[in-house]
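Chains A and B, in that order, are what the protein sequence lines are. Per this note's numbering, numbering through the first sequence is continuous, rising by one, with the last residue being 301. Per this note's numbering, numbering through the second sequence is continuous, rising by one, with the last residue being 245.
Watch out, some of these pointers could steer you wrong.
Below, simulated BS3-like cross-link-like pairs (lysine-lysine); rule was C-alpha separation at most 27 Å, straight line [said to hold, decoys possible]:
hint : chain 1 : residue 1 : chain 2 : residue 2
1    : B       : Lys-137   : B       : Lys-40
2    : B       : Lys-183   : B       : Lys-19
3    : A       : Lys-174   : B       : Lys-117
4    : B       : Lys-187   : B       : Lys-117
5    : B       : Lys-76    : A       : Lys-174
6    : B       : Lys-76    : B       : Lys-187
Chain B is faced by these chain A residues, among others (derived, beta-carbon under 7 Å) [to be verified]:
hint : residue
7    : Leu-153
8    : Glu-166
9    : Phe-220
Hint data in this document are derived by calculation from the structure and do not stem from the laboratory. Everything numeric in this text was worked out from a predicted model, so none of it was measured. Glycine included, C-beta positions come from ideal geometry on N, C-alpha and C.
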Amino acid sequence: MSEFNLFQPLQYEFFIRGIIVAILVGGMNGLLGVYIVMRGMSYIGHGLSHAVFGGAVVSHMLSINVYIGAVIWGVISSIIINRVSNGGKVRADAAIGIISTAGFAIGIFLISSTRGFTRNFEALLFGNILSITYLDMLVIALVSIVVFLFFFLLNKMILFMTFDRETARVYGVKTDIIDLAFSILLAIVIIASMNVIGVTLLAAAIVAPTISARLLTNNFNRLIVLSTVIGALTASVGMYLSFLFDSASGATIVLFSAGVFGAVVLYTSLHRVYHEHSHGRIRHRHMHIHKGEHDHEHHIN
Amino acid sequence: MQWWLRFMCRGDDIALRIKGITYGYTSIPVLENINLDVKKGEVIGLLGPNGSGKSTLLRIVAGLIRPWFGSIEFGKRPVIGYMPQVESIDWDFPITVEEVVALGLWNRSGMMPWPSKYVRERVNMVLEDLGMSSNAKRQIRELSGGEQKRVFLARAIVHEPELLLLDEPTTGADPSTRDDILKILNKLNRDGATIILSTHDIVGVAMNLPRVVCINKRILADGDAKDILRGDNLLKVYGLIDSMM
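I would like the entire structure built from these sequences, with the hints used as guidance.
Given below as structure tokens:
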């Protein structure tokens, strides 16, 4: 029996490409996830990723570049979702539910009803490491630079409008323009993530790093860094595992992210009852039960 | 700048002129033909029950809502400080007191994500003035009701605004915090700030203000607090007798 070598996958060029792309895409999803989750719009990743599938199929049928068509479709869907949900009468989750699912349904409708539909969209639905090309990698690297610059340079404005959108407007933050730019970037990142994670699984990849990071920190800037790092790590490890198990990369990444989230929940739960604390000058650790935010009762001495 | 906020005001002593404002969230107006002149350096209290249109009027002046009719005219577009009702805040948001206050100076902090030296110093100064410097590193959800008010007041004043719009700045605060807030507002006013605040508190706040505007969809009384805070006006404002009588 041949000995298993952990580094064996690295001899394949397609795998190295896959890992690099997974790190970039995972990091971007983790970063975007912070603003999406903190604005209470976790479903937008799910919604937009489904919506762009319709755009990809329509573009293919019209012989337009699938990615360009999907980006345009995604941006338009995102703008409509923003407009409808900011109008006040329809909540964001409901707007996302109908607009995005309709987009997805268009894609499925066209595939199922068109005879002789030859293109295989399975990679877009579930992610496939083999479908990542060198050009994909370059485009995703470029998108990553733009995304990280966007959040680095507009950090304070984005923090302000995420925390208190109305006051941010009074203080001169151009919330509509930033929303539009964010929507465009989100649509681009979703398209960039399609081949790695797949549109049906992308929502979890956007949300999971942020909620894991949120359990670990109460500092917004640290949340951004942690979420980005967790996103990059879970995507790259998930990609590696997908090679080992010969499974779909998207499903493996999402399952690994869910596993990391479960581990973080377990860690924070244990940490809550069993962590180092002080009584005056004495620092020690032992099991104790919390009362409120800071007080606790000793359970075991 | 929104079309309903204009630079047409005549007279140097006018900070802003509210002209014929009518607005509603549904087809029924919550504000109807509101006209109000606010002089520079004035402190005005908007007094009225829940749903009387106080917050809506403040939001229109702040440029957040476009009225159905009417306009707001400024002598010169002032630097505005705005304090929303704290009920609208997500208290689980991972942000500290000093970070919240620094948001008020977001455009004076350079391109880097971290605050500049100027912002740090200014935030520390304002927090010290409000007796909150020891809470600078605390998460906002750990604060008491009174402390929360102070934090959002700190953000409203940190950029030294000329016009302060405060939506119920003392609601939920204990008497000591309320008095501290009024003292701070008094000091800001002496330094030249024009202040419009909304309140429910007749005895603790409105009675201490030089000018009170009683509002309930329309302006029902406007003038010196001691003159207008009489039983008949209050009964009208709080809907206990027909305001049209």
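For this session: Identify every previously stated hint that the structure contradicts and give their numbers, smallest first.
Result: 1, 2
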